[in-house]
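Here the protein sequences line up with chains W and V, keeping their order. Per full-length UniProt numbering, the first sequence starts with residue 1, numbered consecutively. Per full-length UniProt numbering, the second sequence starts with residue 1, numbered consecutively.
Don't read these hints as lab results, they were simulated from the structure. Glycine included, every Cβ here is placed at the ideal spot set by N, Cα and C. Honestly, I wouldn't trust all of these hints.
Claimed, not checked - With beta-carbon atoms standing in for the labels, derived distance ranges:
(1) 252/V to 284/W: 50 to 58 angstroms
(2) 189/V to 287/W: 19 to 27 angstroms
(3) 329/V to 72/W: 37 to 45 angstroms
(4) 284/W to 281/V: 40 to 48 angstroms
(5) 191/V to 387/W: 55 to 63 angstroms
(6) 86/V to 111/W: 33 to 41 angstroms
(7) 86/V to 123/W: 25 to 33 angstroms
(8) 46/V to 50/W: 32 to 40 angstroms
(9) 111/W to 199/V: 29 to 37 angstroms
(10) 189/V to 387/W: 52 to 60 angstroms
(11) 177/W to 252/V: 28 to 36 angstroms
(12) 266/W to 191/V: 54 to 62 angstroms
(13) 225/V to 321/W: 40 to 48 angstroms
What the hints assert, rightly or not - Taking lysine-lysine pairs in the DSBU-like style, the calculated list, with each CA pair at most 35 angstroms apart, reads:
(14) 212/W to 308/V
(15) 201/W to 308/V
(16) 342/W to 308/V
(17) 83/W to 308/V
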Amino acid sequence: MLGYYISLALRSLRRTPVLSALMVAAIAVGVGAAMTTLTLNYMMSRNALEHKDDVLYALQLDNWDPHEADDNPSAMPWQVTYKDAISLLRSDIPTHQVAMHRWGGPISLDPSQNSGGEMRPFTAEARVTSRDFFALFDIPFLYGGSWQGDADTSPVQQIVLSESTNNKLFNGENSVGRTVNFSGTPFTVVGVIEHWQPSPKVHDLNNGSFNKSAEIFLPFGLHRSFEIYPWGNTNGWKPEDINSYEDQLGSEYVWIQYWVQLDSDEQRERYREYLTGFIREQKAQGRFPRPLKFGLSKPSEWLQLNEVVDGDDRMLNWLSLAFLLVCLVNAVALLLAKFLRKAAEAGVRRALGASRKAVFSQHLVESGCIGLAGGLIGILLTLAGLALVRQLQMGYLDTVASMDWLMMLSAIGLAILSSLLAGLYPAWRISRTNPSIYLKTQ
Amino acid sequence: MLELRPILSALWRHKISALLIAVQLGLTLAIVGNATVVIQERIERIARPTGVAVTDIVTAQFMPIAKNYDRLEAFRLDLDMIRQLPGVAAATVSRAPLTGGGSGTGLYTAPNQEIGATGGAQFWGDEHLIDALGMKLVAGRAFTPNDITEASFSSGWRPNMAIVTQQLADKLFANGEALGQSIYFSGEDNPIEIVGIVERNLGPWPNSHNAGSTVFFPAVMDTQWFDYVVRAEPGQREAVAKLLEEKLAERDPQRVVAVNLLEDKLDRYYAGDNTMIQVLSGVVSMLTFIVALGIVGLTVFWITQRQKQIGVRRALGASRSAISRYFLLENLMIATTGIVLGTAAAQIFNRFLASEFEQPALPLSTTAICALILFGISLAAALVPALRAANISPAMATRSV
Chain W
1 MLGYYISLAL RSLRRTPVLS ALMVAAIAVG VGAAMTTLTL NYMMSRNALE HKDDVLYALQ
61 LDNWDPHEAD DNPSAMPWQV TYKDAISLLR SDIPTHQVAM HRWGGPISLD PSQNSGGEMR
121 PFTAEARVTS RDFFALFDIP FLYGGSWQGD ADTSPVQQIV LSESTNNKLF NGENSVGRTV
181 NFSGTPFTVV GVIEHWQPSP KVHDLNNGSF NKSAEIFLPF GLHRSFEIYP WGNTNGWKPE
241 DINSYEDQLG SEYVWIQYWV QLDSDEQRER YREYLTGFIR EQKAQGRFPR PLKFGLSKPS
301 EWLQLNEVVD GDDRMLNWLS LAFLLVCLVN AVALLLAKFL RKAAEAGVRR ALGASRKAVF
361 SQHLVESGCI GLAGGLIGIL LTLAGLALVR QLQMGYLDTV ASMDWLMMLS AIGLAILSSL
421 LAGLYPAWRI SRTNPSIYLK TQ
Chain V
1 MLELRPILSA LWRHKISALL IAVQLGLTLA IVGNATVVIQ ERIERIARPT GVAVTDIVTA
61 QFMPIAKNYD RLEAFRLDLD MIRQLPGVAA ATVSRAPLTG GGSGTGLYTA PNQEIGATGG
121 AQFWGDEHLI DALGMKLVAG RAFTPNDITE ASFSSGWRPN MAIVTQQLAD KLFANGEALG
181 QSIYFSGEDN PIEIVGIVER NLGPWPNSHN AGSTVFFPAV MDTQWFDYVV RAEPGQREAV
241 AKLLEEKLAE RDPQRVVAVN LLEDKLDRYY AGDNTMIQVL SGVVSMLTFI VALGIVGLTV
301 FWITQRQKQI GVRRALGASR SAISRYFLLE NLMIATTGIV LGTAAAQIFN RFLASEFEQP
361 ALPLSTTAIC ALILFGISLA AALVPALRAA NISPAMATRS V
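Please model the complete structure; the sequences and the hints are all you need to start from.
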């Protein structure tokens, strides 16, 4: 039966090419606009750490101005101070814990290995981090592994490369044990990680949620020897006399991102108690002037709190859904016109014994066909829309403005669903046709 | 004469179709109206004067390859070299504004205060700062070579004078007499005298609510967060950019150099707003087009359906223009209904956007203009089919369908 209805539908569509094209175009444009923004929102709402959502926590400590809370939805600074990070790293409660921040500098092959000499140094985005980073965020190694244990506290010149940096410097060979030159200092490669580009970059949301992740990884113990100032936000709330790098490290400036992995309820409970104790201890020393408060946010909560999907994105989402609604109303009107024009035909079919249900489903199938065609063109329009967004955003949204197969299927699904919805009333209307009127005029 | 009654009773028989068109027009008005205010706001935001010579400025920075590098020495040598280059009007070492990166501070008008700071973005620069940025001095003086200190963030240095933007001056001193007054950092008693006021500078973050409150201190900062701000003679920036890249690498090859046009950086900063403008304009035009097509389609359909009646009317003596007028009036009535519905819907939609997404309020005038345009489009869409209807011959009356 369905096959027959489809062939009827195709014949009917071919008979009114202009009207049919109009309807397909309306659905396609509506679906294209809606899917472009839905895809953006869907991609921006992804959580790359979903598989560890129950055990990972972004840590915040409320060591801020006693007179007013930090000005963000969490009312706590996003990052922690260097000295707190160093103290917290001593705790043995978390399974893994990471203190880190963004940095960068010029990198090149070691002069002795740069035989050709044509490789110019380039600026690499770095992540300065304690050694658990790779275990905590589940980043697989292509070669080697993380640096040695004392690298979190002493200046160990070891480096982990991203896959693409390894490709650039060593043509993708196993480079473990070889030397690169970072900021004029030799570093031994101890590991190369597989391509790792979470988007949104959940582990580092205050340096552009959709930016590329780091190209090289350096140990947390290097701060003093390189006098590292972070390539990220440094925030403070009180006047401080900074007369040396040591003052910077000992200051109340927040610039370190901190994550912990807590696997069991018991562990979480113990860590909460530990943090409470830690803050009390600091209060006794005259720090942490605000009411005792800390934050442990799961990756999913962290993405929400940081408003990764911003107001503009969500507003576009609403607008494009309203747009799709207009296209739907348009399709209803056109379908109604088209079906009523064929009322005589339906009348004859009814007189020959077709049930109302049969006439109804036949016309619904016809709307479905229009939806399918609209959906396919809608996918093309969505791809064009996303390409436009990538271009307009000048590279900032490259990692999210793309369509996966799930979104393509959703586009077709949305198109068929909307065209069936649009077809409901016209099909019902035509199925109520009174056959006798049409038989008479014939 | 207007045949309103027969039109109404004919419309009543097609009430669903007519209502669908009206609803379409209404929704379109709601979307177009709200999109228009957003577009307007973003365009105005981007078009704001920045206070600096955006189109003439080239920025450059370098990263030394060696670990212990004398940056201050490099600044001196580089700037001496840059100022000699052809096409360069002025150059300084500071930090490029309008790029989304910079630093801010809190300022007070009395010493030892810690609550109620006036926020501002802060820059450092030498005596060429105002000239290199192409800013306009409206009161006081620029920095002189004697004012400039070489300092670093960890040297505990405090400025003793500052230049502020007019906006920051007005915020700090409501009486309008900022020049010569002293300002203070949080909790400190070191007075910083305001020696000059510049007309405008949007600072590092033009989209922040505090943009335009900017303060400049006389220093050359030994920091990795610096830019050479080089103002080229009009029309020379590409040539200057190329020259800078070449000469900076040539003077000291042991560093990675990056040269950019300030305008490109600003475009990048506004990319999000620009996307909204383009996408919303696209939505508005596609939507209008779709609605127009819908109206054409439906009018054509109604006319074909009523060919016989039109023939009868013509046979009974109705003129061609009477037939066209009938369909145009019909369209007008539908459009009016749609626009009344739409005006209400636009307000409701706007309330939602304003409360959820902090979008600007939709003024009635914008709604009215959008409504007029939609009205026109609706009539234009009905015009061609209506004129064609007038060509239906009276002989139609005698034929069966």
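Tested hints:
1. Look at residue 252/V against residue 284/W: about 51 angstroms separates their beta carbons, and that is inside 50 to 58 angstroms.
2. Against the hinted window of 19 to 27 angstroms, the Cβ-Cβ separation of residue 189/V and residue 287/W comes to about 24 angstroms, which satisfies the hint.
3. Separated by about 58 angstroms at the C-beta atoms, residue 329/V and residue 72/W break the suggested range of 37 to 45 angstroms.
4. Range check, residue 284/W to residue 281/V: Cβ separation about 60 angstroms, and the 40 to 48 angstroms hint is violated.
5. At roughly 56 angstroms, the beta carbons of residue 191/V and residue 387/W sit within the given window of 55 to 63 angstroms.
6. The beta-carbon spacing between residue 86/V and residue 111/W, approximately 36 angstroms, falls within the hinted interval of 33 to 41 angstroms.
7. Judged by the Cβ atoms, the range 25 to 33 angstroms given for residue 86/V and residue 123/W holds: they are separated by roughly 29 angstroms.
8. Between residue 46/V and residue 50/W the beta carbons are some 37 angstroms apart, a value that agrees with the proposed interval 32 to 40 angstroms.
9. Taking the beta carbon of each, residue 111/W and residue 199/V are about 51 angstroms apart, not inside 29 to 37 angstroms as hinted.
10. Separated by about 58 angstroms at the C-beta atoms, residue 189/V and residue 387/W satisfy the suggested range of 52 to 60 angstroms.
11. Taken as a hint, the range 28 to 36 angstroms holds for the pair residue 177/W and residue 252/V, whose Cβ atoms sit roughly 32 angstroms apart.
12. In this structure the supplied range 54 to 62 angstroms holds for residue 266/W paired with residue 191/V, their Cβ-Cβ distance being about 57 angstroms.
13. Range check, residue 225/V to residue 321/W: Cβ separation about 43 angstroms, and the 40 to 48 angstroms hint holds.
14. Restraint check for residue 212/W and residue 308/V: not satisfied, since their Cα atoms lie roughly 68 angstroms apart, outside the 35 angstroms limit.
15. As the CA atoms of residue 201/W and residue 308/V are separated by approximately 67 angstroms, the hinted pair breaks the 35 angstroms bound.
16. Distance check on the hinted pair: residue 342/W and residue 308/V sit about 17 angstroms apart at the alpha-carbon level, within 35 angstroms; holds.
17. For a cut-off of 35 angstroms, the pair hint linking residue 83/W to residue 308/V is broken: about 89 angstroms separates their Cα positions.
Violated hints, listed in ascending order, are 3, 4, 9, 14, 15, 17; each of the other numbered hints is respected by the structure.
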